[in-house]
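Top to bottom, those sequences are chains A and B. Throughout the first sequence, residue numbering follows this note's numbering, covering 1 to 793 in sequence. Throughout the second sequence, residue numbering follows this note's numbering, covering 1001 to 1399 in sequence.
It is possible that some hints are incorrect.
Quick list of in silico lysine to aspartate or glutamate cross-link-like pairs, EDC-like style, CA-CA up to 20 Å [to be verified]:
| no. | chain 1 | residue 1 | chain 2 | residue 2 |
| --- | --- | --- | --- | --- |
| 1 | B | Lys1134 | A | Asp637 |
| 2 | A | Lys8 | A | Asp80 |
| 3 | B | Lys1134 | A | Asp750 |
These are computed hints drawn from the structure, not numbers from a lab. None of the values given here were measured: they were computed from a predicted structure.
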Amino acid sequence: MSGFMIRKVAVLGAGVMGAQIAAHCANADVPVILFDLPAKEGPPDGIVTKSLAALARLDPAPFAAKDRSLHVEAANYGSDLARLGECDLVIEAIAERMDWKLELYAKVAPHLKPGAVFASNTSGLSINALAAGMPAERRPGFCGIHFFNPPRYMPLVELIPAADTASAVLDGLEAWLTTRVGKNIIRARDTPSFVANRVGVFSILAVLHHTARLGLAFDEVDLLTGPRIGRPKSATFRTADVVGLDTVAHVIDTMQATLADDPWSRHFRTPDWLRALIDRGALGQKAGAGIYRKDGKRILVLDLHRQDYVDSGGEVFPDVADILDLRDPGEKFAELAAHPHPQAQFLWSVFRDVFHYCAVHLGDIADNARDIDLAMRWGFGWTTGPFETWQAAGWRDIARLIQEDIEHGRAMARVPLPAWVSELDGVHAPSGSWSAAEGMLKPRAALPVYRRQLYPDRVLGEAPADRGETLWENGGVRLWRRPDQDAGIGLLSITSKMHTIGDDVMDGMLEAIARAEVDLDGLVIWHEPPFAVGANLQQVVQACHAHQFDLLERMVARFQHTAMTIRHAQIPIVAAVQGMALGGGCEFLMHAAHRVLALESYIGLVEAGVGLIPAGGGSKEFALQAHAMAQRAAGGDVFPWIQNAFQTVAMATVARSAHEAVQLGFARAGDDIVFNAAELPYVAIRRARALAEAGWHPPLPQRAVKVAGRDGIATCEMLLLNMAEGGLISAHDYRVGRAAATALCGGEVDSGTLVSEQWILDVERAQFVDLLKTQRTQQRIVHMLETGKPLRN
Amino acid sequence: MSRQIQDAYIVAAARTPVGRRNGAFRHVRPDDMLAHALRAVLAKVPGLDPQDIGDVIAGCAMPEAEQGMNVARIGLLLAGLPEGVPGVTINRFCASGLQAVADAAARIRLGEADVMIAAGTESMSAMPQIMGNKVSINPEIFAHAENRSIAFGMGLTAEKVAAQWKVSREEQDAFALESHRRASAAIADGRFAAEIVPYAVRSHVPGEGGVVRIVERLVQHDEGPRADASAESLARLKPVFAARGSVTAGNSSQMSDGAAAVMLMSEAGLKRTGARPIARFVAYSVAGVPPEVMGIGPLEAIPRALARAGIAQAEVDWIELNEAFAAQALAVVRQLGLDPVRVNPQGGAIALGHPLGATGAIRTATLMAAMQRDASLRYGMISMCVGTGMGAAGIFERA
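Looking at chain A on its own, in the form it has when it is part of the complex (with noise of 0.2 Å):
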């Protein structure tokens, strides 16, 4: 190990980015301070405390579990500035103010552990500048450290060296943000907004200019700018509205302040228009209204013409639609850039400006393009990033394209593309990503935490990630090995659409499992996300409608055999989960020897939204969980762990975190939580191997197993009375969580009867197709099949 170690971190400011950062630093099982003012009135460290409250009303939640909150400490610089003392690393995140800031550090500088590190977060000022109000002895341990909000969900931090940073102060800092925060690094240099804000707000700048000049309405805009263009739902507008216009109008103001000599500096400045909405206090989602607001269910558009809100019901032109779907990027941006329609001309010119932005700039801001494609996608939640997206479209037509619009004046500045652009064919290549300032292509860092990431993102135009070496597939998995990693571990991967369970893929795991048994020490369970979304429902909807009852319960109880298998195999089977792992899926996790979880992992037994009950497994999985429980409890009462289940099926609670997975029983405590996915493989590799060499043999099945019987029935019975009398859910409802209730309380026998496993996996698959027997499931899940969202019936 190197010598960098982070036991304690501390947070100074304990605003909306200071406590999001201390919480997700707990989330990490990192002890962390939150430092603020000590409060005026009340206790010293109220206004930490109150806004510790503050986040749990926050959504997306930045705690991954609601007792998470506890590890952070509140402190205040009255009292406790002596245990920064205890303290690694402190991050610095108070308001945006120079004189604050050097206040501060001169305040705080004289407790800091020696060899301590100081980052500080901000966005917008010289990293260089608040460096030099350090003493010079703390300057090798200074730098700047930008998290992106919400700092739990957004991959990106930008680390800014200062002149005097030590670099083992920023690979051991790049090491461990990456694995123990789960972050994506880019070294960003210290010039104005850095990387990703330069040219994210930029992009905002270009939205508001041609909104402007081409006389469209917001919505129309969002409508434009969001997923039909691979940027996420919120688009721009309504990303304004949710982090603030107060707080846009100020990232605005920043580049206007500190970037007066960019060739697009007259574009830096606040339209008048949102500076009225701010004046009036109209600040977007906190403020109840600003470019959008809603009025009870209906959303309303501030329509400029009018100065009033209207509707919402902006439409793409069908013509622009069509653009938009075609395949080829290249012609795709050829007939943007060709056609009349405003919306066309809109989306062209964004893209230009913005390409046009990032050419110019690329020698100042980044190291290479790769830097500014993977800080757009991790920082502001594109798909692509600007420079992958201009090569897919074709280099040189682009730039061809650009030069032109420079030229006839049609760009946002007249300042000419840098030669370099004529000069190559693309910025991305197999052996590195150009560097405008060094005149050459750059691979990847070296560091050795990277060497941890058998599959990080990559941009377009980079060299393919090692597939490994295939042992097997069928049409629904492939089992392979990266023997460069461990030849004696396999990996099982799901091929099929959104990782659906269908009849391909338990053939295929069957199948594999068979294999690696022969052939191998253990197996790991590992694709990219999502880990499975449940059952081929498609095939489930055509047996019943064909009443081939008979053919489903052997469809059932091939996927329970198959979820047995994962259990009871030869060697051990790892589940290496990231994203959505919900019914089948979750099943067959939780059978595995052990799972590698990454922490975004949403895991859930949602089969009651289709009608159903977990019979995979599933709702046996629970009551075995129920008997384990009572038999360290006095009296030995099997009902109270079955009730807390009863409501998470009953209700397909899905946790949020892979921290919530534990707590709601589908994983374990002893499962390895992995805050950076990209590294999920690789530790669920070594996982599977320490399994083998402890000598791991799977479990017998169980004999006797206590249920909860026919009261435990009747007691979840009742609160599904209550509930439909009191209308709060249908009739079928009633029926869907008394079957999950029969399941989970291992079928209608007297309380405390001692049953084996496989009749309680009997029981659940009764329920399952008696289930599967009723109109209302059937319609439920051809609703799902058709709609994608569940019907209430």
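For this one, chain A is given, so just place chain B on it according to the hints.
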């Protein structure tokens, strides 16, 4: 007038303040609260030789766990009563405390005892779930349609009453607000002071270096009433029991902790101890109603009790009608034509709290204090609805 061998008189009543669930009495045990109330009532009758107590009957709606093991007997021993004094725990849910008073009176009226103590205790904080420590429902309830309402939650039954007796959300909220107003005013005027015996809560908390620190706090007032309750704050609450319902946390009784004890004597007992009677126990009745509208229990119980007492409803000057829910209380008030001024003059369970099995004894203490304070009161009544569909009513006459 009902026939009996001899009369039973209430000579003293005392109670703890009522704490909110997980409030002041969060860690106070129900048997300790009972002992506190027993000591308090004994202190009010200095002439009594405790050996003469015939029995201690304590009501408790969830007599299990902390309040299990015959909490009456444990409570009286903790209170320092002689080992010769027996104790029995009884359960008629929310009427348990009143049932205890009635049962104690009945023993005297039968001539079986000259001194009895009736009590009630309930810690809803101690109950991990509102329905007790282990909830287990008989599957037969679901096998027959006519039995299903046994499994109805109390809130749901209040919705049914609201629908059937047409009690609107606005009326319920207004009733709740008035309960808080009356209770807050009564506290401010010190009108509960005579019945409440302050409780010194000793909390055992982790101190420095593994040494437990004792924190003492004197609880003197009921914790439930909100002087700042407003129509707006009540209107903001969402119905909890039904999708288009009207019953909210604000217009339902509060879950609470508390205990009370009431001493009753025969005339012989009065003579022997020199105690002064406050009121004569006149009549008691219980009646069953459909479980799905359990809240209307008093509609059946009150007329029966009045008939037994041989008095007209208009003769009752003070009525403690338990506010399990504003919906059922209003339905009862309207249906029977009770005078709203005489019903819960110092607020009810919506403000004061409802520690289930203790409430009947607690409100007896309130009525006795009122009768001692105000000589114009002749008849007083305590009534409540009871889960699974019952009503209870007891009538007292100033002695």
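Evaluation of the provided hints:
1. B:Lys1134 / A:Asp637: holds (9 Å)
2. A:Lys8 / A:Asp80: holds (15 Å)
3. B:Lys1134 / A:Asp750: Distance ~17 Å between Lys1134 (chain B) and Asp750 (chain A) Cα, so the pair holds.
Violated hints for the displayed structure: none, as all numbered hints are satisfied.
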